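Offset between the sequence shown (1-based) and the numbering used here: plus 152.
For the record, the hints were derived by calculation from the structure and aren't laboratory data.
Computed from a predicted model, the values in this text were never measured in an experiment.
One should not assume that every hint holds.
[Said to hold, decoys possible] BS3-like, lysine-lysine: derived pairs with alpha carbons at most 25 Å apart: (1) Lys256 with Lys268; (2) Lys223 with Lys257; (3) Lys161 with Lys209; (4) Lys257 with Lys268; (5) Lys255 with Lys223; (6) Lys255 with Lys268.
[What the hints assert, rightly or not] Ranges between beta-carbon positions, derived for each pair: (7) Lys268 with Arg184: 30 to 36 Å; (8) Pro214 with Thr272: 30 to 36 Å; (9) Thr211 with Glu160: 39 to 45 Å; (10) Glu160 with Cys254: 26 to 32 Å; (11) Pro214 with Thr267: 30 to 36 Å; (12) Ile179 with Val157: 25 to 31 Å; (13) His205 with Asn280: 39 to 45 Å.
Note that beta-carbon positions come from the ideal geometry of N, C-alpha and C, so glycine has one too.
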Amino acid sequence: KTLTVLKEKVVWFEITALIVPTYTDTIDEVRRMCGWILDSLGPDYPLHFSRFHPRYKLTHLPPTSISFLEKARRTAMEMGIHYVYVGNIPQADSNHTYCPSCKKKIIERFGYQVTKNYITEGNCSFCNQPIAGVWR
C-alpha cells in the first residue's frame, strides 16, 4: 500500500528486496513480485535485489547465491522492469544503469560513486529516451 500511495503522491522511490535463502529465494516469488510491481507501479521504479549474509538469528543460512541474484535480475528485466540492480556483491554490470531503449550504459558506478553519467536533462545522451528518476 505504501508504494502505491507514494506513486499517487508523485514521490520518487526505489524498491529493495532482500533475497534470503529458503525464505524468499524462488524465481516464482520473484515473478509474482515483479508482476505486482508492473501492474501496480509500472516499469520505471528501480528494483534492487540484495544479497543476504548470515547474521544474528539466521547464522544457519548460507549467503544468497550470486547466480540466483543474477537470475532474479534477468527475470525482472525480461518481464519488463527497466532498472534492476543487484546489491551486496561486487558485480560490475548489475551496478550500472542502462537505457531501456538503446541499452547503452548511461550511469556507471564504482561502489556508491558515480564515475560516468550519460544523462542530459533527464534523457539518455545517446538516444534521447526519457530516463525515470529525479535529475537536478
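(Q) Just to be careful, I want the Cα atoms of Lys223 and Lys257 compared with a cutoff of 25 Å; is the pair within it? (A) holds (20 Å)
Q. Between Glu160 and Cys254, does the C-beta distance stay in 26 to 32 Å?
A. For Cys254 against Glu160, whose Cβ atoms are near 31 Å apart, the range 26 to 32 Å holds.
Q. Does the structure keep Lys161 and Lys209 at a Cα separation of 25 Å or less?
A. violated (37 Å)
Q: With 25 to 31 Å as the target window, see if Ile179 and Val157 comply at their CB atoms.
A: Taking Cβ atoms as reference, Ile179 and Val157 lie about 29 Å apart, which means the hint holds.
Q: Go ahead and decide if the range 39 to 45 Å is satisfied by the Cβ distance of Thr211 to Glu160.
A: For Glu160 against Thr211, whose Cβ atoms are near 40 Å apart, the range 39 to 45 Å holds.
Q: With respect to the beta-carbon atoms only, verify the hint that Pro214 and Thr272 lie 30 to 36 Å apart.
A: violated (43 Å)
Q. Taking only the CA atoms, is the gap from Lys256 to Lys268 under or equal to 25 Å?
A. holds (12 Å)
Q: Go ahead and decide if the range 39 to 45 Å is satisfied by the Cβ distance of His205 to Asn280.
A: holds (41 Å)
Q) Do the alpha carbons of Lys255 and Lys223 lie within 25 Å of each other, as the hint requires? A) holds (19 Å)
Q) Quick one, are Lys257 and Lys268 close enough, alpha carbons at most 25 Å? A) Distance of about 9 Å is within 25 Å: holds.
Q: Take a quick look at whether Lys255 and Lys268 sit within 25 Å of each other, Cα to Cα.
A: Given that 25 Å is the threshold and the Cα spacing comes to 16 Å, the pair holds.
**Q.** Range hint compliance [Cβ, Pro214 to Thr267, 30 to 36 Å]
**A.** Holds: the Cβ-Cβ distance is about 32 Å, inside 30 to 36 Å.
When each numbered hint is compared with the structure, violations occur for hints 3, 8.
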